[in-house]
Amino acid sequence: MNDRFDDKIKKALEYGTDNALSQKEEVWNAIKAKTYFLPKGVSRMSRKRKKQKPIFKILAASTVAAALLLTFLVETEPGKAAIDKIKEMFEPQKNIVQDLEGNKEETVVELNHSKIGYVIYVDKEMYDLVKSDEADRIVAKHQGEGLPEVFMEITQIVDKAPSAVAADIENQLKTEFPIVENRGQVSDPIDGRLIRATTGNEWNDKVVVYYLVDNTQGGTFVIKQQYFFEASEGHGSRFYHMLKEFEIVKE
Amino acid sequence: MENNLLRRLKDGDDKAFEELYDKYGEYALRVATAITKNHATAADVVQETFIRVYHYIDNFDINKPFEPWFYRILVNECNRSFKKHHDNLPISDYLENSSMFAKEDDHEFVEYQYLYEAIENLKDIYRIPIILKYLKGFKEAEIAEILGINQNTIKSRLLKGRQYLKLALNHYKERSLGNE
Numbered sequence: 001m002n003d004r005f006d007d008k009i010k011k012a013l014e015y016g017t018d019n020a021l022s023q024k025e026e027v028w029n030a031i032k033a034k035t036y037f038l039p040k041g042v043s044r045m046s047r048k049r050k051k052q053k054p055i056f057k058i059l060a061a062s063t064v065a066a067a068l069l070l071t072f073l074v075e076t077e078p079g080k081a082a083i084d085k086i087k088e089m090f091e092p093q094k095n096i097v098q099d100l101e102g103n104k105e106e107t108v109v110e111l112n113h114s115k116i117g118y119v120i121y122v123d124k125e126m127y128d129l130v131k132s133d134e135a136d137r138i139v140a141k142h143q144g145e146g147l148p149e150v151f152m153e154i155t156q157i158v159d160k161a162p163s164a165v166a167a168d169i170e171n172q173l174k175t176e177f178p179i180v181e182n183r184g185q186v187s188d189p190i191d192g193r194l195i196r197a198t199t200g201n202e203w204n205d206k207v208v209v210y211y212l213v214d215n216t217q218g219g220t221f222v223i224k225q226q227y228f229f230e231a232s233e234g235h236g237s238r239f240y241h242m243l244k245e246f247e248i249v250k251e
Numbered sequence: 252m253e254n255n256l257l258r259r260l261k262d263g264d265d266k267a268f269e270e271l272y273d274k275y276g277e278y279a280l281r282v283a284t285a286i287t288k289n290h291a292t293a294a295d296v297v298q299e300t301f302i303r304v305y306h307y308i309d310n311f312d313i314n315k316p317f318e319p320w321f322y323r324i325l326v327n328e329c330n331r332s333f334k335k336h337h338d339n340l341p342i343s344d345y346l347e348n349s350s351m352f353a354k355e356d357d358h359e360f361v362e363y364q365y366l367y368e369a370i371e372n373l374k375d376i377y378r379i380p381i382i383l384k385y386l387k388g389f390k391e392a393e394i395a396e397i398l399g400i401n402q403n404t405i406k407s408r409l410l411k412g413r414q415y416l417k418l419a420l421n422h423y424k425e426r427s428l429g430n431e
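Protein chains in written order, with my numbering: chain G, 1 to 251; chain D, 252 to 431.
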């Protein structure tokens, strides 16, 4: 009798909550938006120093080697020809596969060779590249009305190491944002220091993400991403993938 | 197997997080719905619970059982939502709005419906242990751990809650017979 009654309680609870299961996918999508598909550089995952796969080690080594070689070659005339050769290392256009809102998307990206000594591949279908003497800005073509502007900006501070720049930026952000996280050194999508700030966790809250990358000359590349919270898995993910292609080529 | 999943999650494996949701998401939604009595609030609670798990998995001791830790977060989130929203849908509205109660000609179903309503009307101190025990199958010691309450107290609350439900069901049956 008791077992039968216990069974009835269980069944009543199951009947009473069956409808809740229809929300499973919707809830998962909401969870993903706030965690899983955040750019890895701004998620919990990136705080772990994952073991680099050999290919990344090779790429990292080749970046440093390219920077050193270019610095050396630029001093001589024959060297200039060699620079062109090395630039050929970077294809003018290529296809990358991005994880966007749970789907794989193949995107054509175009090479941007900056005057300040780096290359990056830009998704020109979604973004405009606005260059000036001080900064390169990759700006979303479609901006939401009343929402924080969406862009990624790359500048260089020639005389300050990333640790010093990080301290300045963190202090500055603390005066503007209620939530500021200094995540320290990260390796994904790029080797650098990461600081993230947000005005909150509502869909339209402003999110600012800084990566501070050693320029190998005693200075720092300052990469600033800005978007709104709900765009983390969209623009945030696209910026993440573009940043994975960032390479220093000091000339 | 669970330890392996949790280890992968701790190592930053995104796929493991999705597998964890597949494994625990449904019952989390059931339990949150039963506790909050509101589907939308339950969805928010489950969402926040998994986000907390994602962010705080490093704090979890992998040598301990996962579910009590998980459900402690979930119940805390339910409590937080109670404090935040004092506007839970009244149970009568919930019953009216819920398509599952359309089949009123099914006697057994109506009995479950009545019993579910009786559970919802229990005081929280009886209701939440009942939900954890009967919906999720937790043992008294685990419920005590989840709720941070002495095991004997849980035992006594389960007993009283169950007695109340029995009385409620008997009352329903007598009423049904009287109407026939």
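In case anyone wonders, no lab produced these hints; they're calculated from the structure.
Computed from a predicted structure; not experimentally measured.
The beta-carbon is built from N, C-alpha and C at its ideal position, and this holds for glycine as well.
Take the hints with a grain of salt, since some may be wrong.
Said to hold, decoys possible - Below, a list of computed lysine-lysine pairs in the BS3-like style, where the Cα atoms sit at most 27 Å apart:
1. Lys11/G / Lys24/G
2. Lys174/G / Lys124/G
3. Lys24/G / Lys424/D
4. Lys261/D / Lys374/D
5. Lys32/G / Lys374/D
6. Lys24/G / Lys288/D
7. Lys266/D / Lys32/G
8. Lys131/G / Lys206/G
9. Lys24/G / Lys266/D
10. Lys374/D / Lys387/D
11. Lys261/D / Lys11/G
12. Lys11/G / Lys411/D
13. Lys24/G / Lys124/G
14. Lys34/G / Lys411/D
What the hints assert, rightly or not - Output of the computed footprint for chain D on chain G, the stretches with three or more beta carbons under 8 Å from beta carbons of chain D:
15. 154 to 160
16. 181 to 187
To be verified - Here are the simulated distance ranges between beta carbons:
17. Arg258/D / Glu176/G: 51 to 57 Å
18. Arg323/D / Val139/G: 55 to 61 Å
19. Trp203/G / Glu277/D: 23 to 29 Å
20. Lys274/D / Val139/G: 39 to 45 Å
21. Asp262/D / Thr216/G: 26 to 32 Å
22. Asn372/D / Ala167/G: 31 to 37 Å
23. Glu134/G / Asp262/D: 24 to 30 Å
24. Gln185/G / Thr404/D: 44 to 50 Å
25. Glu170/G / Asn403/D: 34 to 40 Å
26. Ala167/G / Pro316/D: 40 to 46 Å
27. Pro92/G / Arg323/D: 25 to 31 Å
28. Gly218/G / Gly399/D: 28 to 34 Å
Q | Structure versus earlier hints - violations, ascending order | A | 2, 3, 4, 5, 11, 13, 14, 15, 16, 17, 18, 22, 23, 25, 27, 28
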